[in-house]
Amino acid sequence: MQVTIVDYGTGNLHSVRKAINFAAKNVNKNITIKISNSPKEILKSDKVILPGQGSYKQCMDNIKNIPELEDSLNEFVIKKKKPIFGICVGMQLFSNEGLEQEKTKGFGWISGIVKKIVLKDKNLKLPHMGWNEVKFAEDNLLFKGIKNLSHYYFVHSYNFDVKDQKNVVATTEYEKLIVAAVLKDNIFGTQFHPEKSQQNGIKIFSNFLKFNL
Amino acid sequence: MLKKRIIPCLDVKEGRVVKGINFIDLKDAGDPVEQAKIYDKGGADELCFLNITASGENKKILLEKVKQTAENCFIPLTVGGGVKSIDDIQQLLLAGADKVSINTAAVENINFIKESSLKFGSQCIVIAIDAKKIGNDKWRVYTHGGKNDSGIDVFDYLKIVEKNGAGEILLTSMDRDGTKTGYDIELTRKVVNNVSIPVIASGGVGNLEHLYKGFSEGLASAVLAASIFHYGDYTIKDAKNYLFKKGIPIRI
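Heads up: the protein sequence lines correspond to chains A and B, in order.
So in the working numbering, the last spot in the first sequence is 213, and the numbers never skip.
So in the working numbering, the last spot in the second sequence is 252, and the numbers never skip.
The following block holds chain B by itself, in its conformation from the complex:
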């Protein structure tokens, strides 16, 4: 049976792990390579790096960190943040990423999804969607790290990205991100039911029950969490044991 995945996410700025509250007020939580090793040994199913500032200089530092991380880990690594061109993807894959996560560039140019999935295969193209609730049953796609309203409805966008070859959706609720109040279950479930590709739930995890709900009610294929793991509130093993006991199919 295919197992549900737990993906610790490292938000990386200038080569260091940070985690913000609602995308601002960043705190330093260490070296990504060291964190990644701990997660790999601790039983994480995949790893995710999000480069949260994407200047040229930062890209170089990030590539170096990706390289060092890939050297030390034997689980899939997804890298995102500022991925704008085929060349960006190539460099990340060469540095050791297995998948790339594309956000703003996909919204701005849908052909980029098609081009990149044809060139590198759908399996390595993750489309990151930052969704903000704008009314009853309505969510809008935001870009530029959550700063800009694209004006595009999340469910319209989903159809387009799937058709163009996305291999997976990384869905972040902007309303929940950093709040520790749990995933936006309603949104997650709706997105899962509207696509045939896997969906990773993200944004808002504060405790292990939130992970459970991401699977049991949100129906996600994977859950992503940052701060609960790297501030040491819980280990990956704690999370896995908890979920296993609750009957979620988990790789122990």
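Next up, chain A with everything else stripped away, as it sits in the complex:
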């Protein structure tokens, strides 16, 4: 099985690769991990990871700047219906649009808009940064084998306001409920960083790698 981590000039891909490497040990299958931005590599992958760091707009601009990358991701997810996992801004890009910096169109795979978190309580800070408890819907693939209300590491100021609640499989609380994980058919994503969330994060990646095997 080939897993490709999409390299579009954002963030620390090595920590993601390292975590996937660890996760792969829990999966009874020969797994090759590639870091690439080549549409060809993406289209021949079995699974794709879309990391993300920085602003929504910058991430989307970076994707558009790599020839055919956007098209190949669309083909991979929509036509081929193969599994993708978005992390943080990577997940946010699944939405219709993001309002960070300026209104920017996303992939539109999961209906909703990414908006800045608005806090009434002056004692709460933004970014929402650190370890928070994640509450997930029982019986979902992503959190299989994980104790409900486990801690995950978040760092973000924007929230994916998902239109259809059935696509939200986990939430966390920061004054209001914040989307922590989405899942729609072959499309997976977390607002938190599994690669920075110790064992509970590795398990999430293992569950993704096991999906559909």
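Be a bit skeptical, because a hint or two may be false.
Stated by the list, open to error - DMTMM-like, lysine to aspartate or glutamate: derived pairs with alpha carbons at most 25 Å apart:
no., chain 1, residue 1, chain 2, residue 2
1, A, Lys-176, B, Glu-162
2, A, Lys-57, B, Glu-162
3, A, Lys-57, A, Glu-102
4, A, Lys-135, B, Asp-40
5, B, Lys-159, A, Asp-121
6, A, Lys-18, B, Glu-64
7, B, Lys-246, A, Glu-175
8, B, Lys-245, A, Glu-175
9, A, Lys-147, B, Asp-238
10, A, Lys-122, B, Glu-162
11, A, Lys-18, B, Glu-71
12, A, Lys-210, A, Glu-102
13, A, Lys-105, B, Asp-31
14, A, Lys-103, B, Glu-115
15, B, Lys-41, B, Asp-31
16, A, Lys-57, B, Asp-87
17, B, Lys-163, A, Asp-61
Bear in mind the hints are in silico, worked out from the structure with no lab data behind them.
Given the structure of chain A, go ahead and fit chain B onto it with the hints provided.
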């Protein structure tokens, strides 16, 4: 509920962990990679590396240590000390840092904060402030590892860094650093109340009650400590259990 963070800090010189008293008289306390592993397993919420001498040669050694540490840890790693350019940040992030802490270069050129936060995202730009009390209710920003008085008032500076995209403040009291008499609570609380981004309290921790006060009175989002952890006075677990019992929201 979002938990308060405990961040062990490793002051690194020539690839070794040291901790000074008031920034001088450095003692050797071991290999940063080994220390980092212990902290990761012990339940630290994040890790911090501060490169306390920033010559070219040291940078290479540091990058290697960052790489080895990132290989062995699954918690966020902040690296600071001598971060002066976009290229410095890029190299650290590529080596495996999740955030960088910028001190002198931000004071000297405020645009650097803006540029770096736009390029890498606010979430990875930590602005380190070394604050020294100069009078009643007045603190001054110091640079160059605490050697130079910038002449800038801490609270004026805070407004500027926040506006320019800083994601977090690492606040060190120069008066308390290395003294083991506790954080400067008055300063910490004032800084927290003056910004909307998270503040990490630093400088002066000698016991667990000091950590508690950093949260309960200083209102910090995170506390940073060096010597109490790496000389083995307390483990991260000791600290967490203590704070948990005292009612601080902590990840156990």
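To see whether the hints hold, each was checked on the structure:
no. : hint                   : verdict
1   : A:Lys-176 to B:Glu-162 : holds, 24 Å
2   : A:Lys-57 to B:Glu-162  : holds, 21 Å
3   : A:Lys-57 to A:Glu-102  : holds, 7 Å
4   : A:Lys-135 to B:Asp-40  : holds, 24 Å
5   : B:Lys-159 to A:Asp-121 : holds, 20 Å
6   : A:Lys-18 to B:Glu-64   : holds, 16 Å
7   : B:Lys-246 to A:Glu-175 : holds, 23 Å
8   : B:Lys-245 to A:Glu-175 : holds, 24 Å
9   : A:Lys-147 to B:Asp-238 : holds, 24 Å
10  : A:Lys-122 to B:Glu-162 : holds, 15 Å
11  : A:Lys-18 to B:Glu-71   : holds, 7 Å
12  : A:Lys-210 to A:Glu-102 : violated, 37 Å
13  : A:Lys-105 to B:Asp-31  : violated, 47 Å
14  : A:Lys-103 to B:Glu-115 : holds, 21 Å
15  : B:Lys-41 to B:Asp-31   : holds, 16 Å
16  : A:Lys-57 to B:Asp-87   : holds, 22 Å
17  : B:Lys-163 to A:Asp-61  : holds, 24 Å
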